[in-house]
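Work out the full structure: start from the sequences and follow the hints.
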Amino acid sequence: MNLVTVSGPPSSGKTAVILKTIDSFQKRGLEVGVVKFDCLYTDDDVLYEKAGVKVKKGLSGSLCPDHYFVSNIEEVTQWGIKEGLDILITESAGLCNRCSPYVKSVTAVCVIDNLSGINTPKKIGPMLKSADIVIITKGDIVSQAEREVFASRVNTVNPGASIMHVNGLTGQGAYELSTLLYDEKVEVKTLVGEKLRFSMPSALCSYCLGETRIGESYQMGNVRKIDMEDKKKKS
Amino acid sequence: MITTQDIQQKTIADLFDQYPFLPGFFEENTLEVDGQINEKLDDFLNILDDEEEKENRAMDKAQVIESMAEYITQMLAFLGEDEDEGVNSITLLPGTNKSGEKEQFEELTINKSEIVCIVGPTGSGKSRLLADIEWVAQNDTPTSRTILVNGEEGDKKWRVTSGHKLVAQLSQNMNFVMDLSVYEFIELHAQSRLVEDVEGVIQKIFEQANNLAGEKFSLDTPITSLSGGQSRALMIADTAILSKSPIILIDEIENAGIDRKKALELLVGEEKIVLMATHDPILALMGDRRIVIKNGGIHKVIETSGDEQNLLSELERMDNVIQNMRTRLRHGEIIRQEDIGF
Ligand SMILES: Nc1nc2c(ncn2[C@@H]2O[C@H](COP(=O)(O)OP(=O)(O)O)[C@@H](O)[C@H]2O)c(=O)[nH]1
Ligand SMILES: [Mg+2]
Ligand SMILES: [Zn+2]
Ligand SMILES: [Zn+2]
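Line by line, the protein sequences are chains L and A.
Residues 1 to 235 in UniProt numbering are what the first sequence lists, from first letter to last.
Residues 1 to 342 in UniProt numbering are what the second sequence lists, from first letter to last.
If you are wondering where the hints come from, they were derived from the structure by calculation, not from laboratory data.
Any given hint could be a false lead.
Said to hold, decoys possible - Below are the SDA-like pairs computed for lysine to any residue, each with C-alpha atoms no more than 25 Å apart in a straight line: (1) K126(A) / K244(A); (2) K262(A) / P281(A); (3) K262(A) / I110(A); (4) K123(L) / Q63(A); (5) K216(A) / N324(A); (6) K82(L) / G125(L); (7) K123(L) / T304(A); (8) K104(L) / V292(A); (9) K244(A) / G125(L); (10) K112(A) / A284(A); (11) K54(A) / R28(L); (12) K156(A) / Q172(L); (13) K157(A) / V186(L).
Shown next, in the form of structure tokens:
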């Protein structure tokens, strides 16, 4: 089985792009499955079901969805193998710009859209910077110049990535993407012992533990404060 | 190729001097140099090894240096490309249509400064043809077509590197979304292309765009308040002059607020290969050839004949008649028999 992690800011077009890519996989007779990770709510699973693929969803609730992802990815992988999938795709809503769900040996795809503004690439952390493939969507509604500027900004923060333009509505580019995602020689059996591409912050503060009151005396554990000085201090 | 060893021990000042595009990399990666310009890169990046900074920035020193070396390598390659090494032609070799039958042509070569129209009903496979060209298909797409660049098997770099897109697209539903003036917009695009004479390019694009637009606009007009015709004029002028892509794909040009003939002349003059999906007879006859698509495959390639070209001026006259009537109506005038002029 092949495994692919797809991540990206909310509404960037992840589901749309995955659905169009699934079309291409299905035409080649491949068995596809999707696991959708989200925080509180998702109905993407319904869309995937309609596309005729096996689906699982996981809601992280009170946890950072990326932490939740890593805690569950091995179980999900075993599920995919048991179902006899050729390719398992995970979709996770990159809600936490600090974390990213990418595992070193697993193809990492980041979906980001042209409408999000040219300063977005620099604001997204490892989710963009350590992806293997960056998909840029919604090129159909912006000018050629804006697409070029946006792609060059993405290239500056992740020069090693393959950058592709895919239209989530028409599926233009999705066939081509599908050829980059599936390799019949790859066989994932387990992720046990594999490593994340970038460590996730482990910090726990009082509020993680259920504290609701405001004030310094209630704050324990990993507490960080804004630097309120006028001049930024230089090391 | 630039390796990490090549840059690690150099000072940031030296690196900026040697690679004038490098400050952009620092900025996009939120690395502030301030007073540390004379430090060695390796020492400067030591801050990233600090636990707290590492958590804050989510960057890893080794990864940043590697990324930087890759970026410098790419930019140098990009800057070193000569115009002569560019794309002079693309050649299509036949694949199959949806029924698996061979396409109805042997070999189709399109040279720069040529205009080829693509016609056929919706869903007939126009998008797939364009996608094949963009992907430099090598018998590895659903149509089994092959696309040659300059008569040779295309380089895979066209597929996934941001600075090397074979096709630039202009279509009807594209808008400007940035909050910038015309000047700032072209400036931003020029900078991202590492253009040297930014000011000169801005003037050139601005003049050309106004030459195409029915109603003139100024350099300080916000791009989002341009009319449809003005937006298209600016997009076409900008793409013709600044886009590095050798092929321009146009999906119809609406006949309002823009001189379409001049627009095509500009693109052809900038030595682009122009592919145009259109069913507008005036645009179609401006093309040198038309590719007819049917059932997912190329069904026919029609050379625009002399007779057809002679009809073009008549068609243009009819078009002017209608444009004039529009103007008269807009000004509250009455339409008369002589306005038709037959
Ligand atoms: N115009 C346009 N809309 C798109 C494109 N890709 C996705 N969308 C739309 O953007 C919205 C969000 O897409 P979705 O796939 O749900 O995003 P996700 O939250 O990242 O999974 C939907 O309304 C899509 O139809 C695209 O390439 N062009
Ligand atoms: Mg989704
Ligand atoms: Zn997180
Ligand atoms: Zn907390």
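Structure-based check of all given hints:
As the CA atoms of K126(A) and K244(A) are separated by approximately 23 Å, the hinted pair is consistent with the 25 Å bound. Note on K262(A) and P281(A): the hinted pairing holds, with a Cα-Cα distance of about 16 Å set against a maximum of 25 Å. With a C-alpha separation of about 21 Å, the suggested pair K262(A) and I110(A) falls inside the 25 Å cut-off, and the hint holds. Under the criterion of a C-alpha separation no larger than 25 Å, the hint pairing K123(L) with Q63(A) is consistent with the structure, at around 17 Å.
For a cut-off of 25 Å, the pair hint linking K216(A) to N324(A) stands: about 19 Å separates their Cα positions. For the hint linking K82(L) to G125(L), the alpha-carbon distance of about 34 Å lies beyond 25 Å, and the restraint is violated. Between the alpha carbons of K123(L) and T304(A) the distance comes to roughly 51 Å, so the proposed pair goes past 25 Å and is violated. Under the criterion of a C-alpha separation no larger than 25 Å, the hint pairing K104(L) with V292(A) is inconsistent with the structure, at around 47 Å.
Distance check on the hinted pair: K244(A) and G125(L) sit about 29 Å apart at the alpha-carbon level, beyond 25 Å; violated. Among the hinted pairs, K112(A) with A284(A) is consistent with the structure: their alpha-carbon atoms are about 18 Å apart, no more than 25 Å. With a C-alpha separation of about 44 Å, the suggested pair K54(A) and R28(L) falls outside the 25 Å cut-off, and the hint is violated. Only pairs whose Cα atoms come within 25 Å are accepted, and K156(A) paired with Q172(L) is accepted, the gap being roughly 18 Å.
For the given pair, K157(A) sits about 24 Å from V186(L) by alpha-carbon distance, which is consistent with the 25 Å threshold.
Of the numbered hints stated above, those contradicted by the structure are hints 6, 7, 8, 9, 11, listed in ascending order.
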